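Sequences listed follow chains A and S, in order.
Going by numbering that gives the first Met the number 0, the letters in the first sequence line up with residues 0 to 450, in that order.
Going by numbering that gives the first Met the number 0, the letters in the second sequence line up with residues 0 to 143, in that order.
Worth flagging that the hints you see were computed from the coordinates, not collected in a lab.
Bear in mind that the values here come from a model prediction, so they are computed numbers and not experimental data.
Don't be surprised by glycine CBs; every beta carbon is placed ideally from N, CA and C.
Please note that the accuracy of each hint is not assured.
Label-pair distances were calculated between CB atoms; the ranges are [as the list claims (entries may be wrong)]:
{"id": "1", "chain 1": "A", "residue 1": "N262", "chain 2": "S", "residue 2": "R125", "range": "54 to 60 Å"}
{"id": "2", "chain 1": "S", "residue 1": "T25", "chain 2": "A", "residue 2": "R261", "range": "25 to 31 Å"}
{"id": "3", "chain 1": "A", "residue 1": "E198", "chain 2": "S", "residue 2": "S99", "range": "17 to 23 Å"}
{"id": "4", "chain 1": "S", "residue 1": "S99", "chain 2": "A", "residue 2": "D289", "range": "47 to 53 Å"}
Below, a sample of chain A positions facing chain S; criterion: calculated Cβ distance under 8 Å [claimed, not checked]:
{"id": "5", "residue": "S223"}
{"id": "6", "residue": "R227"}
{"id": "7", "residue": "V230"}
{"id": "8", "residue": "T231"}
{"id": "9", "residue": "A232"}
{"id": "10", "residue": "K234"}
{"id": "11", "residue": "A235"}
{"id": "12", "residue": "L244"}
{"id": "13", "residue": "A277"}
{"id": "14", "residue": "A279"}
{"id": "15", "residue": "Q380"}
{"id": "16", "residue": "T381"}
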Amino acid sequence: MTVVGLASLVNTLAIVVVLGISAKVAAHYEAPFFRLWTRGYVGLVVMLALESINTMFVRRLGFDLAELTVYATSSISFLEAGTALSEKTPNPFWRNLALAFFVLLGVGLRLAGVPFGMAILPGVLTVSVGYIRLGLVFLQKAQFRGSSTLWIAGPLLILGAWPLTYPLVEGSPYGWLGYLFASLLHLSVGFGMIVYVLERHTATLQKQHQELEQLQDDFLATISHELRTPVTAIKAGAGALQAGLLGPLSSEQADYVDIISRNSNRLHGLINELLNFAEAQAQAMTFSEDETDVVKVVADAVRSIAPFAAEREVKLLFESGPPLLTYTDQARFAQVVLNLLSNAVKFSPNGGEIRLTLSRRGDNICLEVRDNGPGISEEDQTRLFSKFFRTGRANTRQSGGTGLGLALAKKIVEDGLKGAIWVESKLEEGSTFFVTIPVLQAKPDITAGGK
Amino acid sequence: MSGLPLRVLLVDDERDIRRIVARCLTVLAKMEVVEAGSCAEALACVTSFVPDLIVLDVMMPDQDGPATMAQLRALPPLARVPVIFLTAKCRQSDVDALVSLGAIGVIAKPFDPVALASQVTDLLARANSRISSTNMPTRGEPMK
């Protein structure tokens, strides 16, 4: 194999690689001019290949089928170039008419004895238009920065390089130089295009993502306002009555105000749970790192759930020991503990017992909430932490709740507190929920007054 | 607290909530409350009366709480009147944002009507004690 042959082979390989990847990219990403460019590229390569076949076989075949194909492909590309430039989709009728015109024009030119080099002008124009357009995009938007700067000159360079490269190849002893130059151009421009399209696609995605997040944030803010306002009025109104701000109530009146108050509290709890979950889904939840005594948080949770437990005659067992300190989001951790506790109370039988244990396990603090309720089947355990899931029991018994509590707890523990949450349970033998959170030291910049 | 009752300007677009808040502050904190349903009403109120405290809802149509605060504070006699926000948006970032605007505190909705009065007086007392030491506003006491 001669040096020129080898260089030609390398060049062909470069074209195949670039075209292969370009076609793949063009098929997956919305970028009309990139599609145009790829098609024009294919058109020209096909044209050159056919021209070689032509010179070898046309005299034997007596019919120039290859050239006809060349005109057709280049004309289509040319038309598309115009389309992309005007950024309008032409009427199909005019499009077809124009297509026929360009095909006939090409064939006519060739039949009239116009040399091949002239007849392929539509094809060359196609690619040029694509390049010019790309060049304009590059220059106007200056989107190529950093590593990509290398490719800016490519599209413009190849315009001038085209007439220099291929004529040099034919029959010249320095043909390999031409091929080498061509290979470099193919690779640089091709990959420049691909990188550009991918970068632009990423930027679009990021923008869409930001818009979506903004939308979700706005939506949440509105919903939380609209839902909380009436609840605020009901709760506060009932509270004012209960506090005797409007004079003493008869026992029956107090009883009814109590019904309003309890149910508005419940509604408020449900709304908060829904909003918390929506916030977590929207990634709008923020986590702080406060110095937290886990023992105190659990003791507080036990205290606040105690009336509810007493109502259901459920015993809460927790021995608070010396402080267990870590840096975590205290409020969110308290939310998780409260959620586990209220679930445990909900599902405990009358006279049941809930035992809470806190222990240090290596670099983690582990909380166990053990109940002697009906237990959770293995099948339910696998879906327990998914949203809107409620065990069979939850449906038969009026336990209330949105089915979001544990899903939210999992999200908080895993995403925010960098810990773990799981359950161990056997039917008829009760359940134990485990939460572990890491023992963290204060970050140096926290005491320096970051937040 | 002694002498004349504190005068409060209460701005909230929700009439029901306004009535309850006013009742709590009058009965429990012995304050004198003037109610306004919007920024415009608030501006009309302060022509004849200079409040010692402004309690502002955050989310209101037309001018929201922060905008209302800015307009009220632009009036020379009200430039240094302490402001407390009432808000249903009580994420830490929301609270921090309001405090950084110059509010002395934020009270979350839904509020406990009995606790509300003491929260308001506590925030006021803390703000007053701070004035002598530093001008830095600090965060109020957001409830659950």
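Hint check:
| no. | hint | in the structure |
| --- | --- | --- |
| 1 | N262(A) with R125(S): 54 to 60 Å | 35 Å, violated |
| 2 | T25(S) with R261(A): 25 to 31 Å | 27 Å, holds |
| 3 | E198(A) with S99(S): 17 to 23 Å | 37 Å, violated |
| 4 | S99(S) with D289(A): 47 to 53 Å | 19 Å, violated |
| 5 | S223 | 6 Å, holds |
| 6 | R227 | 4 Å, holds |
| 7 | V230 | 6 Å, holds |
| 8 | T231 | 4 Å, holds |
| 9 | A232 | 4 Å, holds |
| 10 | K234 | 5 Å, holds |
| 11 | A235 | 4 Å, holds |
| 12 | L244 | 5 Å, holds |
| 13 | A277 | 12 Å, violated |
| 14 | A279 | 12 Å, violated |
| 15 | Q380 | 31 Å, violated |
| 16 | T381 | 32 Å, violated |
Figure legend: structure checked against the earlier numbered hints; hints not met, in rising order: 1, 3, 4, 13, 14, 15 and 16.
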